Each structure stands twice: as C-alpha cells, then as structure tokens.
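There are 4 protein chains.
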Amino acid sequence: MCRWMAYYGDPMLVEHLLFRPTHSLIDQSLHSTMGATTANGDGFGIGWYGEGPEPAVFKNVDPAWHDQNLREIARQIRTPLFFAHVRASTGSAVERSNCHPFRWHQWLWMHNGAITGFHQIKRDLLLRVDPVLFGDIEGSTDSELLFYLALTHGLAEQPVVAVEQAVGVVERIAADHGIANPVQMTVATSNGESIWVFRYSSQHQSRTLFYSTAADRLRELYPDIEVIANAGPETRLVVSEPLRDLPGAWNEVPESSVGVIRAGRDELLPFRPAL
Amino acid sequence: MCRWMAYYGDPMLVEHLLFRPTHSLIDQSLHSTMGATTANGDGFGIGWYGEGPEPAVFKNVDPAWHDQNLREIARQIRTPLFFAHVRASTGSAVERSNCHPFRWHQWLWMHNGAITGFHQIKRDLLLRVDPVLFGDIEGSTDSELLFYLALTHGLAEQPVVAVEQAVGVVERIAADHGIANPVQMTVATSNGESIWVFRYSSQHQSRTLFYSTAADRLRELYPDIEVIANAGPETRLVVSEPLRDLPGAWNEVPESSVGVIRAGRDELLPFRPAL
Amino acid sequence: MCRWMAYYGDPMLVEHLLFRPTHSLIDQSLHSTMGATTANGDGFGIGWYGEGPEPAVFKNVDPAWHDQNLREIARQIRTPLFFAHVRASTGSAVERSNCHPFRWHQWLWMHNGAITGFHQIKRDLLLRVDPVLFGDIEGSTDSELLFYLALTHGLAEQPVVAVEQAVGVVERIAADHGIANPVQMTVATSNGESIWVFRYSSQHQSRTLFYSTAADRLRELYPDIEVIANAGPETRLVVSEPLRDLPGAWNEVPESSVGVIRAGRDELLPFRPAL
Amino acid sequence: MCRWMAYYGDPMLVEHLLFRPTHSLIDQSLHSTMGATTANGDGFGIGWYGEGPEPAVFKNVDPAWHDQNLREIARQIRTPLFFAHVRASTGSAVERSNCHPFRWHQWLWMHNGAITGFHQIKRDLLLRVDPVLFGDIEGSTDSELLFYLALTHGLAEQPVVAVEQAVGVVERIAADHGIANPVQMTVATSNGESIWVFRYSSQHQSRTLFYSTAADRLRELYPDIEVIANAGPETRLVVSEPLRDLPGAWNEVPESSVGVIRAGRDELLPFRPAL
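Protein chains in written order, with our numbering: chain A, 37 to 311; chain B, 37 to 311; chain C, 37 to 311; chain D, 37 to 311.
Careful: at least some of the hints might be erroneous.
No copy is singled out in the list; a pair is fine if it fits within one copy or between any two copies.
[What the hints assert, rightly or not] Below, computed lysine to aspartate or glutamate pairings styled on EDC-like, alpha-carbon distance capped at 20 Å: (1) Lys158 <-> Asp172; (2) Lys158 <-> Asp302; (3) Lys158 <-> Glu51; (4) Lys158 <-> Glu256; (5) Lys158 <-> Glu303; (6) Lys158 <-> Glu291; (7) Lys158 <-> Asp63; (8) Lys158 <-> Asp212.
Don't read these hints as lab results, they were simulated from the structure. Source: prediction; values computed, not measured.
Model the full assembly from the supplied sequences, consistent with the hints where possible.
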C-alpha cells in the first residue's frame with residue numbers, strides 16, 4: 037500500500053508540507069502507523085502547480101527518506117496545490133513510470149490501494165481505455181490504468197461521474213472473472229484549480245483518509261502553533277494519516293464518499309460506482 | 037539505436053567476452069563507430085544460461101561503461117550461451133523493464149532497431165498478443181512487444197516462422213495506418229540450446245550484423261592470439277560491430293536473412309516476413 | 037543500524053541463504069524485529085568467494101527487498117563463503133561506496149553499529165591509517181575507516197589483535213575529544229578461508245549476534261527440515277537476527293568476544309581493545 | 037573530462053538555459069565537440085540561487101540527457117545565477133557526492149579538468165585542508181578537494197588569491213612527488229552575488245572556456261534572435277563550449293586568467309598560482 041497527502045491553500049514552501057510536521061509523509065515512508073505496511077520505500081513522487089498550466093512531477097524509485105534531491109527541491113518550490121505520495125509496491129515493478137502522481141496534461145492523479153486480480157483483468161481493462169489516450173500510458177500499475185479509465189469516462193468534464201464510471205467498469209469486469217471485491221482506493225486528483233478526493237472500497241472497508249479542519253476553526257483551537265496561525269483561510273490538507281496528533285484538527289473522510297476542495301465552499305458527497 | 041553481442045561455445049568467463057576485446061561491447065557503449073548513435077548509455081543488460089533451465093538477466097538503467105556491479109558479475113559468471121546489449125533509447129523510458137534482453141521462461145530476446153510509428157500502432161499490436169501471454173509484458177518498448185508477437189506465433193515451436201509472422205503482423209498493421217517501412221531490426225533469440233539471429237528491415241537497409249569465422253579457420257589465421265587459440269570448435273560470436281579489427285574474422289550476416297547457431301551444423305537462411 | 041549474515045560451509049546457492057528462510061535478511065531489510073531500526077532500506081551488499089582469489093561484491097543503494105538484480109544473481113551464484121548486509125544509514129550518504137561489505141584484496145569486512153562522534157574524530161582517525169593504504173579508501177563511513185585501521189594494524193597477519201588495536205585507537209582518540217563510549221559494533225571479516233566475527237561495544241551493550249548450532253547437532257534436533265538435513269558438517273551461519281524461530285538452533289555470541297570459523301575447530305575468544 | 041556552464045543575469049527559466057540552445061549543455065553531454073571525451077554521461081548537477089541565502093543543488097549519477105526529473109525541474113526554476121555541469125569521470129566513483137557543483141554554505145564550485153597523480157598526493161592534500169572544514173568533505177574527487185583547499189585559503193574573503201594559493205599548494209606537493217604539470221582546470225565559483233571563472237593549467241594548455249559578448253553588443257549583432265533581444269543588460273554566460281554557432285557572440289577566456297562577473301563592471305585578470 038502507500039501513503040499520500042494533498043495540499044490546497046496559499047503558496048507554501050514544499051519543505052514545510054513534506055518535512056516539518058512531526059509525522060510527515062517522509063516519516064510515514066519509514067514507519068507508517070495506520071497503513072497496511074510499515075515501510076513505504078518503493079519510490080515516491082511529488083506533483084505541483086507552478087510555472088505554466090501543466091503541473092510538474094518529481095518522482096524517483098528510491099525511498100523518499102533518503103533522497104537528497106527531494107530535500108533540495110522542497111526548499112525551493114512554493115506552490116498553492118501540492119500532491120505527494122510514498123509507495124509500497126503491491127507487485128508492479130519499482131520504476132519511475134509506476135510512481136505517483138501520474139500526470140495527463142493539466143491533471144494529476146494518485147492512489148493508495150489496489151485492484152485485486154489485476155494481472156488477470158489488465159488486458160480487458162486496457163481495452164476499455166479510449167484508443168486516443170492509450171498511447172499515453174507510461175507504466176504498468178493498476179493505479180495509472182484507473183486514471184486512464186477515468187479520463188476515458190470524462191474526468192476533465194465531470195470528475196465525480198467519471199471516477200464512478202471507471203470504478204464501475206473495474207467492478208463489472210472483475211465480476212466477469214469471478215473476482216470479488218476488486219477495488220480498494222483512496223484517490224486524489226486535480227486540474228490545478230480543484231482537488232477531488234475519493235475514499236472507496238468494494239467491501240466498504242477502505243484505507244484511512246483524513247481532511248483538516250477549516251483554518252479559522254484551527255486557529256481558535258491552536259492559536260500558538262505558528263504554522264496554523266499563518267495558514268490562509270483556504271488552507272486544506274487531505275492525508276492518509278494525520279501529520280500531527282492534534283485533537284480536533286483531523287476529520288475522517290467517510291466511507292464511500294468524495295470530497296471536493298476549491299476556492300470558496302468545499303463539498304462532501306456520496307460516492308457510488310456506476311453499475 | 038543499440039548494440040548487442042551473442043556468444044555460443046565452451047563455458048567462458050563473461051569478463052573475457054564483455055570487457056577484454058579492444059572494441060568490446062562496453063567500449064561500443066561509449067563510442068560506437070558503426071551505429072546510428074555514438075553513445076549507447078540508456079541502460080544495458082546481460083542474459084545467460086547457468087543454474088536451472090531459465091536464463092538469468094542482469095539489467096540496469098545506467099550506462100554499461102560505469103556500472104561497477106557489471107564488472108563484478110562479469111568476473112564470476114561462466115556460461116556457454118551469453119547475450120549482452122547496450123541501449124540508446126529511441127523514445128521509450130529508460131527503465132529496467134525496457135532494457136534488453138527480455139526473458140520469457142527459457143527464452144531470451146534482444147533487438148537493435150525500431151518500429152516506425154510505434155506510438156500510433158502500439159494498441160493494435162498489443163491486441164495481437166495472445167491474451168494468455170499479455171500479462172507477462174513488463175515494459176513499454178517496441179522490442180519487447182515484437183518478442184511477444186513472436187511468442188504468440190509459436191516462437192517456442194518454430195522460431196523462424198514465428199518471427200516471420202510477427203514481422204508480417206507489424207508490416208500489415210503499419211500499412212493499415214499508412215506507415216511505410218516500419219521495421220528495422222537485428223534480433224537475437226535463444227532457448228538455451230540454439231541461437232537464432234535475424235537481420236531485416238522493411239527497406240532492406242538493415243543495421244550492421246556480423247558473425248565470427250569458424251574457430252578452426254580462425255586458429256589458422258591467428259595462431260598467436262591466445263583467446264582464439266583457446267577457443268573450442270563450437271565457438272561462435274554474433275555482433276553489431278566487430279570486437280577487434282581482424283581481417284577474415286568477421287562476416288556480414290546478409291540482408292534479410294536468419295542464422296541458426298547450435299551444436300553441430302549452423303545454418304543461414306533467407307528471412308521473409310509472412311504476408 | 038544494519039543487519040548482516042555470514043555463511044561458511046559447502047558451496048550453497050545464494051538464493052537459499054538470502055531469500056528462502058522465513059525471517060531472511062531480505063525480510064529483515066523490511067521489518068527487523070531486534071534491530072535499532074525497523075527498515076534497513078539504505079542500500080545493501082553481498083560479497084562472496086568464487087572465481088579467483090579475490091571476493092566479488094554486488095552492492096546497490098536501493099532497498100534489498102525490491103532489487104530485481106539481486107534476485108537474479110542469487111539464483112546463479114554458489115559459494116562456500118558468503119557475506120550479506122542491509123543498511124540503515126546513521127548519517128553517511130547512501131552511496132554504493134558506503135555499502136558493505138568492503139573489500140581490500142582478498143579481505144571482506146562488514147559492520148553493524150556506529151562510532152559515536154565520528155564527524156568530530158574522522159580526521160584524526162584517517163591520519164592513523166597507513167599512508168600506503170590511504171588511497172584505497174573509497175567511501176565516507178565509520179565502518180570502512182575501522183576496516184582500514186584494522187588493516188593498518190595487521191589484519192592480514194593477526195586478525196584478532198589487529199581489530200583489538202584498531203578499536204583501541206578509536207577509543208583513545210574519542211577519549212581525547214571527550215566522547216564517551218564511542219564504539220558499537222558487530223563485525224565480520226574474512227580472507228576467504230576463515231571468518232572472524234566480533235561483538236563489542238564500549239558500554240558492553242552490544243547489538244545482537246547469533247551463531248548457528250553445529251550441523252550434526254542441528255540434524256538431530258530437526259531431522260525433517262530439508263535444508264538442515266542437507267547441510268554439510270562444516271556449515272556455520274552468523275547472523276544479526278535468527279533466520280527462523282528454531283529452539284536450540286541459535287546461540288548468542290557473548291558480549292565482548294570474537295569467534296573464529298574455519299575448517300575443523302571453531303574458537304570463541306574474549307575481545308579486549310588494546311589500550 | 038567534463039563540460040559546464042554558468043549564467044548570470046535576469047531571473048531566467050532553467051529550461052531556456054539548459055535545454056533550448058542548439059548545442060546546449062545537455063547536447064554536449066551526449067556529443068561534446070571540443071572536449072577530451074565525446075560523452076559526458078557519468079552524472080550531472082545543477083546549482084542555483086533562489087529561496088534562502090544558500091544555493092540549491094540537484095545532482096544525479098545518470099546521464100543528463102535521459103534524466104526525466106531534470107526536465108521537470110528545469111521548467112519550474114527561475115534564477116538569476118545558475119551553474120550546470122555534466123561529468124565524464126577521470127577515475128573517481130560515479131556517485132552523487134562526486135557530482136558537481138559542490139556547495140559549502142553560500143558557495144558553489146564546479147571544475148572541468150583533473151589533478152594528475154591525484155591518487156598519490158591525495159593524503160598530503162587532505163592534510164592541507166583546515167581541520168574545521170575537513171568533516172564537510174563529502175566525496176572523493178580531486179575537484180572537491182581543490183574547493184576545500186581554496187576555502188582553507190580564504191575563498192570567502194579573497195577568492196582570486198585563495199584559488200591562486202590552493203593551486204600553488206597542489207603544484208608544490210605534486211613537485212615533491214615528482215609529478216609534472218599536475219593541474220588542468222577550468223573552474224567556476226560563486227557566493228550568489230559574483231561569479232569567478234578560472235582557466236589555468238600547469239602546462240598552459242588549458243581546456244576551452246568562453247564568455248558571452250555583452251548583451252547590448254549582442255543585440256546589435258543579432259536583433260532577430262528572440263532570446264538575445266530579451267536578454268537584460270547584465271546577462272553573461274560562461275561555457276566550456278559555445279551553445280550556438282554565432283560569430284561575435286563568444287570570446288575565449290585567455291590562458292592563465294580569471295574573470296569576475298558581477299553587477300556593474302566585469303573584470304579579466306591574470307591568474308598566477310602562489311609559489
């Protein structure tokens with residue numbers, strides 16, 4: 037399995053997001069406490085929106101905790117929309133093209149979880165990808181293929197519906213192969229303006245996912261914590277595991293739901309795969 | 037493009053094959069003289085038959101010339117059947133799964149060349165791979181896909197016919213997409229007992245390929261060269277570029293032909309893609 | 037910290053030593069149970085005696101658990117004397133030259149532990165290395181420097197005395213700098229004929245180290261375990277953590293002692309740094 | 037040998053400096069035309085001043101031409117002072133800590149060339165490094181050691197004199213060992229405000245080095261080249277090889293000289309190692 041985090045808010049130095057918190061994602065790469073595996077050392081990636089409309093990605097196959105270049109980059113990049121992911125492979129090769137986040141034009145996508153029986157149904161799933169998009173697939177993971185199924189179903193136009201349809205495709209094809217409960221996922225995706233986060237599993241026993249309490253409420257709770265005192269009103273974090281142990285700061289994303297983060301009002305909606 | 041070599045003969049230390057010759061494959065990785073590119077620094081691989089029926093592969097994404105582990109391994113492995121390949125990417129990612137030789141059970145496969153317009157026809161080619169084999173594809177190169185097309189057409193039973201059919205598939209699908217002269221290839225494949233080497237291109241302007249003169253004849257020509265004096269009677273090398281400048285030692289594999297190397301009598305046959 | 041294992045006995049396929057046991061060193065690289073750290077993912081190395089008088093080393097900076105080439109090599113190498121090490125950096129860079137085992141001519145050396153205050157005393161320690169040997173130092177670790185201090189004091193002629201003197205040098209120089217209890221070490225070294233294993237720390241609270249029970253006694257205890265039934269009479273393993281949970285199979289190397297493993301009679305001696 | 041470039045001017049996107057020119061440094065990494073070696077594929081590095089007083093470095097051991105992360109970073113970093121280096125090892129290991137530029141607090145340093153007989157005199161040179169600085173040395177190259185000798189002699193206070201003294205130390209110690217003509221170097225160093233570039237070799241046959249013509253003169257020469265039309269008045273490039281073939285745009289740095297680039301007036305001075 038894996039661990040990820042997504043940030044939305046005022047432009048922030050990546051170092052503050054990635055290295056400073058007590059139980060930062062880098063710390064989780066070495067010893068996750070809530071994940072299916074302790075070490076998430078099979079590569080990592082960060083994605084962010086900065087210069088130009090397309091996001092940048094910096095990904096590598098070594099463990100995040102010992103990557104010197106990641107520390108260098110983190111001290112130089114300021115961004116209002118940031119994704120980070122540490123990977124524990126569930127079978128696919130440890131290669132850069134299999135590291136998250138994945139990018140397609142202005143979209144980013146990252147995933148924690150797995151498609152059960154992926155080896156068996158991979159070909160059928162690939163056939164469901166729009167032939168126009170097919171050639172852009174770079175790696176061999178279930179996670180990236182789920183991204184391309186979502187793109188095929190219109191991620192760019194109607195993100196929630198597209199992911200519901202993509203997951204529906206996986207569940208139907210898995211069922212055809214006699215595979216029960218194929219989907220386990222927490223997913224984040226963005227177009228640079230909004231972030232959509234999904235928590236879902238076929239068996240309704242999904243991996244953990246938390247979102248941060250609104251910034252003004254956090255400031256009331258923790259007026260003396262500098263990073264909170266300085267956080268802008270739109271600041272929002274979504275994480276596989278809380279970055280610090282602060283009562284009232286973290287809220288579980290409910291089972292089978294999707295959150296939409298954007299300027300103004302966020303939303304939390306039910307998530308139902310399309311049958 | 038790339039450079040490769042294949043060895044058949046008495047068990048030989050890899051170091052003698054890979055590092056000792058004046059213009060060894062390692063030297064060719066830094067400055068090829070007959071290839072389409074000077075440097076072949078986008079990964080390398082070796083494959084050999086040793087313990088067990090399946091060959092081993094050692095592959096990496098860094099340039100062969102500075103890989104310290106390759107030097108270590110080369111001093112420890114003795115093998116009667118050895119493949120080596122240095123890569124210059126024609127577009128596919130520089131990742132271990134894209135390094136040659138590729139392996140499927142007891143088979144090895146390596147390729148120098150490219151399929152023109154591969155990005156356009158990749159999906160159609162993938163659909164022609166036997167669904168049973170499909171899940172074993174690991175990387176994203178044209179070279180590996182050609183291997184799986186050959187496996188689909190019975191490489192294990194009738195290697196020459198299978199490759200003729202696989203190349204025929206590529207040429208027909210390329211023609212359907214209006215792509216002229218899609219295939220450029222020198223290929224070596226083996227099951228651990230024989231080696232088949234192919235030199236072919238749609239335009240009949242194939243990359244260079246040479247095979248060594250029979251060992252007894254070589255000994256007459258060069259009685260004072262130790263490695264030749266010691267070579268067993270079955271010794272045979274096939275190379276993209278000659279390893280030394282020795283008149284009479286190297287013979288061009290003819291355009292559009294396939295060579296079969298095995299214990300006893302070798303063969304040289306015409307190669308005709310199946311229409 | 038780190039984990040290591042050393043094997044002495046009949047030529048054995050590395051795969052059987054490195055991957056097959058329940059709690060193999062590869063498993064320990066992901067979740068060590070007795071070590072100071074859970075994950076040992078900052079590089080790994082193996083060293084073995086095979087072709088030629090000098091041992092070979094295969095080392096890499098990625099985690100042992102996801103290195104594909106290590107699996108390939110392990111299935112091809114048979115050796116009567118084998119070292120393996122998984123690293124958790126205590127500060128030195130994660131680079132191949134800092135991976136264990138280290139080699140000097142026919143000698144191998146690997147270490148679990150650390151020299152406290154190394155940054156402060158590194159220069160003084162380097163000055164104590166024989167100038168003739170100085171240029172052969174490749175990396176920047178305390179572990180390799182301890183090796184060169186032992187070589188300086190005659191490791192090749194009188195291994196136990198040389199290590200006692202090298203450790204004495206470290207303790208005296210540390211004391212000069214006001215550093216208490218500088219040495220924490222379990223070390224294995226070999227010349228290809230014998231293995232010396234050391235367990236020592238200035239504070240007499242050394243990392244764990246175990247040696248296997250004699251092969252004939254093990255066969256009486258576990259007649260049904262195939263690998264034990266097939267083990268030759270000289271088989272001996274020394275490990276940071278037991279590879280399986282087998283009562284009677286593993287014996288703690290006593291605090292402040294050195295074991296000598298060789299054909300015929302092994303020895304277990306007290307270890308006293310030279311003052 | 038190696039190739040490098042240094043940029044001073046208005047904040048510029050790294051991509052424009054590193055990838056866009058016809059014969060960019062990335063192109064030179066694959067086929068240098070004026071260097072001692074064709075391929076410079078033994079690692080690379082970039083250094084730049086951005087957030088905070090200390091420069092950032094991004095360095096890796098693979099060839100610059102196939103590093104995907106380098107392309108990503110280059111599209112996101114804008115900087116007024118930029119160093120880039122592609123390496124062809126002259127013997128030292130291909131490891132990140134041996135990649136240029138080297139950093140010490142706010143200083144950057146990069147080098148093309150070599151110290152002849154370095155293996156023999158390395159220990160004596162190390163002893164000449166200020167013990168306070170000694171522990172900060174990370175790698176094993178002659179280039180980094182020369183940097184620390186310059187720091188020892190006051191690089192931060194009087195850069196030109198410090199490098200003259202450092203080179204003098206190398207020449208004297210080499211002479212003591214009977215090594216003739218030990219120094220071959222083009223060096224760039226910076227504190228974030230000025231850049232000093234040195235061209236020197238003991239034998240007065242130094243590697244090539246060029247600086248760009250002043251921006252206002254360039255605009256007169258090439259009014260139609262966009263990048264020149266847009267260049268600010270302080271724009272200056274120093275390169276191992278010209279990035280484009282533009283008559284009048286590039287000027288050779290004279291043998292045995294040092295150039296100082298800073299806001300306002302640049303300087304070109306003779307360089308004389310201190311005896």
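Quick rundown of the hints versus the structure:
| no. | hint | in the structure |
| --- | --- | --- |
| 1 | Lys158 <-> Asp172 | both (16 Å within a copy, 11 Å between copies) |
| 2 | Lys158 <-> Asp302 | neither (35 Å within a copy, 41 Å between copies) |
| 3 | Lys158 <-> Glu51 | neither (37 Å within a copy, 31 Å between copies) |
| 4 | Lys158 <-> Glu256 | neither (49 Å within a copy, 50 Å between copies) |
| 5 | Lys158 <-> Glu303 | neither (33 Å within a copy, 40 Å between copies) |
| 6 | Lys158 <-> Glu291 | neither (26 Å within a copy, 39 Å between copies) |
| 7 | Lys158 <-> Asp63 | neither (33 Å within a copy, 29 Å between copies) |
| 8 | Lys158 <-> Asp212 | within (13 Å within a copy, 26 Å between copies) |
Violated hints, in rising order: 2, 3, 4, 5, 6 and 7; the structure is consistent with all others.
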